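Taken in order, these protein sequences are the chains called A and B.
Numbering follows numbering that gives the first Met the number 0, with no gaps: position 51 of the first sequence is 50.
Numbering follows numbering that gives the first Met the number 0, with no gaps: position 12 of the second sequence is 11.
Since the hints were derived computationally from the structure, they do not count as laboratory data.
Small disclaimer: the values here were computed from a predicted structure and weren't measured.
It is possible that part of the hints are untrue.
If you only want the chain B side, here are some residues facing chain A, beta carbon under 10 Å, derived [stated by the list, open to error]: (1) T56; (2) T71; (3) N72; (4) F77; (5) S80; (6) Q156; (7) L157; (8) V159; (9) L163; (10) W179; (11) P183; (12) V258.
We put the beta carbon where it would ideally sit given N, CA and C, even for glycine.
Spelled out, the chains give:
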Amino acid sequence: MRALIVDDSRAMRRIVGRILTERGFETAEAADGQEAIAVLESMDDLPAVACIDWNMPVMDGLELVTAIRARPEWRDITLMMVTTESEQDRIVRALAAGAHEYLIKPFTPDALVEKLDLLGLVPTPGGVA
Amino acid sequence: MSIGADAFGFVRDHVRAESAIVLETGKEYLVESRLLPLARQTGHDSVDTFVAELRRTRNPALMRQVVEALTTNETSFFRDSDPFVALRQDVLPTLAKERPGRSLRVWAAACSSGQEPYSIAMTTRDTPEVAGWKIDIVATDLSEEVLAKARKGEYSQLEVNRGLPVTTLVKHFQRSGINWRINPDLAAMVQFRQLNLMRPFGPVGRFDVVFLRNVLIYFDLATKRDILRRVRQVMAPDGYLFLGAAEMTMGVDDAWERVPAGRSSVYRIREDQRSCVR
Ligand SMILES: C[S@@+](CC[C@H](N)C(=O)[O-])C[C@H]1O[C@@H](n2cnc3c(N)ncnc32)[C@H](O)[C@@H]1O
């Protein structure tokens, strides 16, 4: 199973990447929304999940969610916001735009794993991506 | 006699790896006092020799119990998720057919800081079969400290991040400063009070559903047996009991039978035992 990590912080991409890799995901990364779209367009095997930061240069996370939702060929990608934005109306906006889950930073590795479980995203060990 | 630095280091590393809970230096006394009952149960008279054996054998059940013993108030919303799926898909719809009075009583018998009873409350709201019913949840714990937090119904970002689907969060909670507070309509369903499971329960009434999760694990066999027997006496004969994932009635109190529900199982009083509780 693949996962795409979209965050302008390299440190954050590494942290999320490590948790996902340990869970058995193959990960790809992008530093902003526009790069994420380019990465998705270049992939033969789409990711099962994208973890998306909100505040990023060029194209932010909310715009990215909206852009992904506008492409029917990407409708199977589960979208999870992973962000410090914690106001209730922000969360509601992200959900309305098409995000499925929302994880507020800071979080523990367990919390991310539990969200993946909630979403039914459990890679089969040894299975093909 | 206090726990050696070596033993403490081993326990600290293991607990951190398994639970993300950090036992800093200075918590030796806590570790000692929490692990002593477990050490005694396994035939040791000191925590040091118990830990030495553990390091050698790495007995998985004991390794887990060590974590449990040191995380006594550990809880989360929709903990293990499966029980709540079973409640919504199986238990509540079945009970709904059996209760013409359209009311249900639920007991969360070791409710810690309240995540469990509030998760039950949210689940009943999401179950169309009991929409509009009168649902009373009695939530009890030994510790006044956790009960105070539970009554407040306020949880940190880290706490709501764990186990709570975000759609549920925005539906049932309101921001309160940097925390999240459970909505008043859900809070009104839950009544918190102090109760020690080791003592007689007193006049608690009769329950249709009992959550007794992740608490029996701390007691010895005789106590577990006694608690399960007394729980039977306060349950509706056709009621349902939920235990923790590592707990069971088998070999403890065989008046119960395990029945599949959703992806997990629940316990019911065996048919031939029901007359005794009427
Ligand atoms: C690990 S928590 C479990 C909380 C919740 N049931 C769950 O599964 O997430 C165990 C709780 O049992 C409570 N407890 C321990 N001994 C008890 C007793 N004798 N009577 C009532 N509660 C007790 C503790 O205070 C603690 O809050």
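Worksheet item: Hey, does the P183/B contact hint survive, CB to chain A under 10 Å?
Response: 16 Å, violated
Worksheet item: Can N72/B be said to touch chain A, with a Cβ gap under 10 Å?
Response: N72/B check fails; min Cβ-Cβ to chain A is 16 Å, beyond 10 Å.
Worksheet item: Any CB of chain A closer than 10 Å to the CB of T56/B?
Response: 26 Å, violated
Worksheet item: Can the hint on F77/B be confirmed by a CB-to-CB distance to chain A that is less than 10 Å?
Response: Holds. Min distance 8 Å.
Worksheet item: Once the shortest beta carbon distance from S80/B to chain A is found, is it less than 10 Å?
Response: OK, holds: S80/B within 10 Å of chain A, min 7 Å.
Discussion item. Can you verify the interface hint for L163/B: is its Cβ closer than 10 Å to any Cβ in chain A?
Written reply: 9 Å, holds
Fill in: Status of the hint placing L157/B at chain A (closest C-beta pair under 10 Å)
7 Å, holds
Discussion item. Checking hints one by one. Is V159/B an interface residue toward chain A, by the C-beta closer than 10 Å rule?
Written reply: 8 Å, holds
Discussion item. Quick check on the hint: W179/B CB to chain A CB, less than 10 Å?
Written reply: Given a least distance of 9 Å, the restraint on W179/B holds.
Worksheet item: For the hint on V258/B, does the least C-beta distance to chain A fall short of 10 Å?
Response: Check failed: Cβ of V258/B comes no nearer than 24 Å to chain A, outside 10 Å.
Practice prompt. Double-check Q156/B for me: the hint is only fine if its C-beta lies closer than 10 Å to a C-beta in chain A.
Written response: 5 Å, holds
Discussion item. Can you verify the interface hint for T71/B: is its Cβ closer than 10 Å to any Cβ in chain A?
Written reply: Constraint on T71/B not satisfied, violated at 18 Å.
Of the numbered hints stated above, those contradicted by the structure are hints 1, 2, 3, 11, 12, listed in ascending order.
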